[in-house]
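Chains as they are written, first to last, in the working numbering: chain L, 53 to 402; chain B, 269 to 803.
If you're looking for bench data, these hints aren't it; they were derived computationally from the structure.
Bear in mind the structure is a predicted one, so any value in this text is a computation, not a measurement.
Among the hints, erroneous ones may be present.
[Said to hold, decoys possible] Covered stretches of chain B (chain L as the covering partner; in silico rule of three or more C-beta atoms under 8 Å from a C-beta of chain L):
#1 271-285
#2 288-297
#3 330-344
#4 351-358
#5 490-496
[To be verified] Simulated DEER-style distance windows between Cβ atoms:
#6 B:E741 <-> L:E252: 26 to 34 Å
#7 L:K285 <-> B:G511: 56 to 64 Å
#8 L:R307 <-> B:R572: 48 to 56 Å
#9 L:K328 <-> B:S418: 19 to 27 Å
#10 B:G762 <-> L:K328: 30 to 38 Å
Idealized CB from N, CA, C, for every residue including glycine.
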Amino acid sequence: MRPVTAPHPETWLKVTPAGLFCEPGGFFIDPTRAVDRAVISHGHSDHARPGHAHVLATAETLAIMSARMGEGRAGVSQQALRFGETLDVNGVRLWLRPAGHVLGSAQVCLEWRGARVVVSGDYKRRPDPTAAGFEPEPCDVFVTEATFALPVFRHPPPEAEIARLLRSVALFPERTHVVGCYSLGKCQRLAAMLRQAGWEAPIHLHGAHVALCRTYEALGIPLGPLRTATVAKKEDLKGAIVLAPPSAIADRWARRLAEPVVCNASGWMRVRQRAKQGGVELPLVISDHADWDELLATAEEVQAPEVWVTHGREDALIHALGQRGIRGRALHLVGRGEEDEGEAPGEAAA
Amino acid sequence: MSLSAFAALLERLVFTPGRNAKLALLRQWFAEQPDPERGIGLAALTEELRLSAARPAMIRELVMTCTDPELWRLSYDYVGDMAETVALIWQPRAGVNAPPPALSDVVAALEAAPKAEIPALIAGWLDTLDAGGRLALIKLVTGGLRVGVSARLARVALAEWSGRPVEEIEEVWHGVSLPYAPLFRWLDGTGPRPDPREAPVFRPLMLAHPLEAADLAALRAEEWRAEWKWDGIRVQLVAGPGGRRLFSRGGEDISAAFPEILAAMDFHAVLDGELLVIRDGEVAPFADLQQRLNRKTVTAKMQRDHPAAVRLYDLLFDAEEDLRPLPFDARRARLESWHARAAPARMDLSALVPFDSLDALARLREGARAAAIEGLMLKRADAPYVSGRVKGLWWKWKREPLTVDAVLMYAQRGHGRRSSFYSDYTFGVWREDGELVPIGKAYSGYTDEELAWLDRWIRNNTVNRFGPVREVERGLVLEVAFDAVQRSSRHKSGVALRFPRIARIRRDKPAEEADRLATVEAMIASALAEGERPG
């Protein structure tokens, strides 16, 4: 599709110590250090860092960044771009398409002199009541993550995992089910999915999860009745569901809970040994990342002859892409995978 | 019901540390599953049912016919377990629309199928299952579920679910077989109690309470009989026309691990005794017996190097005659005459320890330092043999523990209720060269308050982390109590403690003043010098 005269994207979209840099446009995408101009795919802290001068992102991502970093730290000037809107930045056409990862998450689409690159950020293909669904954009170079890029990672239907959780709550009505989940995205998705599954009781939150749930609600995502677990009485937490950061579920914080059933919601829970390391009693395989089949299917769907892999298990993905006639390239971006499921629990947990 | 339901149960059991939670899961299984699924599942969990239809290598070959070798290598590297890698990586063939098999389908088909057809059979089932189901199937057909459900735990769950006393279930347990349909009918209330007839079944053992000072004061010497408490494992020997069995205290059938005992059971009786390793009349330390435990089979060399024997405590049945209602003295007389008559090999009597007064008995107990003796047993002269732990009939009077002041070296988080606490402690003593060497690990003995204090101390004094383990500053002395100390080639220090537990936290004692390894070694030497048969 790229006209033969078009310059290859590697001549104008470069890996620098600060991250991916679009030279003609003069901006970075998800830079790892403070820069003048940044385009941010979504609000996780390994993609959205504080201190940039100018930040371009979806309105939801900007709101999430402000909520997490505080006013002023999330860009001296902020520019919101709607899905479907197009900008011209020094001759580079720029637009955003939903990535389905968390609320506001976007793929950054760039076109310069006839060649098109899509930087997908983190993405998933499963429906999520809290995030607009991923939309494939045909392109010449597709930049992908590879968090779960091994054929052992095939996520089961998330509804079935929620059903397992509710079945366990019914079996152990005297105990608190505490579910480890990241504070941005997974927490709100779980709350919304529990509501879809008919769980109407209040959902209790660890203090670290409260602010972003409020942000989601302010952005029009209803999560139903929420309570703060930290102030609840042990007696009231019997039979309750508590959402908490993974680092808190099996540690001192959890002592306030009634005989907790420790659960963790993450794609890593697919592998037993990984799940066991964290002292998890009920592993729930619910991920906000594409699984193996979805990574490969997406690469084919966007019809890109070339796929760049930002972070994760690039060996396996590049090997499998090669078998499909797609050229793979590992970017070795540093500083990725530090929030949400980027790291396996054994390595991330304190 | 399909294999998927069994897979879901397995998955939960594997991750569930708590006994009560395991029981709840098992009760749910018995309540919800139809026959014969629940019985087959029960047998698979307790490893009563062990299929060996497929070897792991065959499963691996199956997956390699349809998997890229490089992707297999990367995946196996990551997952680390062959069965799990296969379960996760398996790609069902397109268009397979069959329902997953039932447990009973799997068992029946594997029994009927010629060997050559088994791989195709397994591949066909794998195509119908999800990842959890595939893992359960692979573990099932290769014969290794390993989910930590003992037959005893399963019987307790059956008791809780049905409302019948566990002792009643234990008495019929070894008389029923897979898939236990008569057992479930009885427990469901739709059938009679299964009659074991002549089958060699287990009768729950009579157990003792620990003797406290207040209990001791209330005893009258003439009403009691004393025996040494031997440090082996309690066993029940059952032999007769229906067969021979050696049962552990919890009713596990351990016959296969002790063929020489089985061979010596050429009689018709039910006996209670202590299984020991005895060489030239001397009871070996527990570590020797440990070499023989938890084995499915045993080599001739094992039997030669660690010869097993039984020290008899009681006679429950003489042929068909149930002696359990008789008083202890009468049973003892019957035991002695039976032993003289039957004269079984590898079995001697646990001698009665004569005493005039409880004071004299207390002195005997204090004097007993042989490693193979844990203390004394006190049995009421007129007590019948009743299963379970009935208070006031049998007392165990363990000798005072040995203690050592050791330095805390590593701590690990516990499980279940203790998962947020550093509750497992590795401690060491000083070697002559000034190195601290670990001598044991303890995870009990402290109060809740002490546990909270230790947890805080550990978090504030961590110098290194290895996954769930923390290495701590060598600054805390723990007084560790234990029942015996033995030589061990498996530990760097060369010693192993029996039943170590935390007796006290010695906040007052500087680490450098903790005990030396030589002190611990001297305890072994003195136990050996004491000889084997005190009293």
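Inset, instruction - Could you check the structure against the hints above and give me the numbers of any it violates, in ascending order? - result: 5 and 6
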